[in-house]
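Single-letter residue listing:
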Amino acid sequence: MAVRVQTEDFDVGAESRALQAETVGGIALFVGTVRGLSSDDGVTAMTLEHFPGMTESELERIEAEARARWPLEDVTIIHRVGRLVPGEQIVMVGTASAHRKAAFESAEFIMDFLKTDAPFWKAEERGDEKRWVEARDSDDAARDRWSD
Amino acid sequence: MTLTIRYFAWMREHTGTDLETVSLPDNVSSVGDLVPHLAAMSDGHAQALKNMRAVRVAVNRTYGDLDTPVAGGDEVAFFPPVTGG
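Top to bottom, those sequences are chains S and Z. Quick note on numbering: this note's numbering labels position 65 of the first sequence as 357, and the sequence is numbered without any gaps. Quick note on numbering: this note's numbering labels position 12 of the second sequence as 245, and the sequence is numbered without any gaps.
Just to be clear, a hint being listed does not mean it is correct.
From the structure, some residues in chain S lie toward chain Z, with a derived Cβ separation under 7 Å [claimed, not checked]:
no.	residue
1	343
2	376
3	411
Keep in mind that the hints were calculated from the coordinates and are not lab data. Heads up, the beta-carbon is just placed ideally off N, CA and C, and yes, glycines get one too.
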């Protein structure tokens with residue numbers, strides 16, 4: 293079990309190996325990155341801010357909810373903060389289970405709740421302009437489909 | 234009654250502070266009671282808190298709303314809807 297909020301980059305290969313264990317038959321890894329300059333947004337950099345203390349407790353709560361719904365052997369959630377440029381890794385969710393279905397579904401569940409509940413905020417830079425990203429209704433909808 | 238108030242993201246930029254300690258009358262018993270007192274502190278505070286539907290609240294680092302009770306010593310955080318991931 294691990295929840296980490298950090299400025300440093302992370303090594304997905306090392307994190308995947310750390311999730312491996314005798315009882316694990318499937319590991320799902322999601323990595324979120326800063327979209328590149330060639331995308332429509334034209335973002336040149338972004339700065340991520342968070343609420344130290346509450347962020348970790350929310351991520352731990354989301355992990356606990358995922359573990360209550362799926363038989364998970366291990367979970368890793370890493371989220372970076374600070375200034376990031378296109379191509380950099382922002383977030384990683386790794387879930388390890390005996391079978392793939394639990395790993396896939398729980399990784400998606402954790403990301404959906406992270407997007408709506410973990411107190412992070414992004415400010416995007418386009419050249420000299422800095423603008424706070426607005427929350428999307430589609431993220432709320434993605435979270436709410438789990439409440440059936 | 235004294236509360237610790239925190240602001241994040243654009244709310245921090247409007248209020249000009251990320252952390253302040255505020256003394257309030259004892260009849261303040263919920264987040265909803267607290268907001269008008271904070272909004273009266275400066276034009277920036279009023280701007281930050283003018284649309285509470287666009288704002289999320291956490292009391293002692295747990296999500297709440299305008300009805301959430303507050304008591305002396307609590308930490309109340311105001312921030313925009315989150316945009317991580």
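Evaluated hints:
no., hint, verdict
1, 343, "6 Å, holds"
2, 376, "12 Å, violated"
3, 411, "5 Å, holds"
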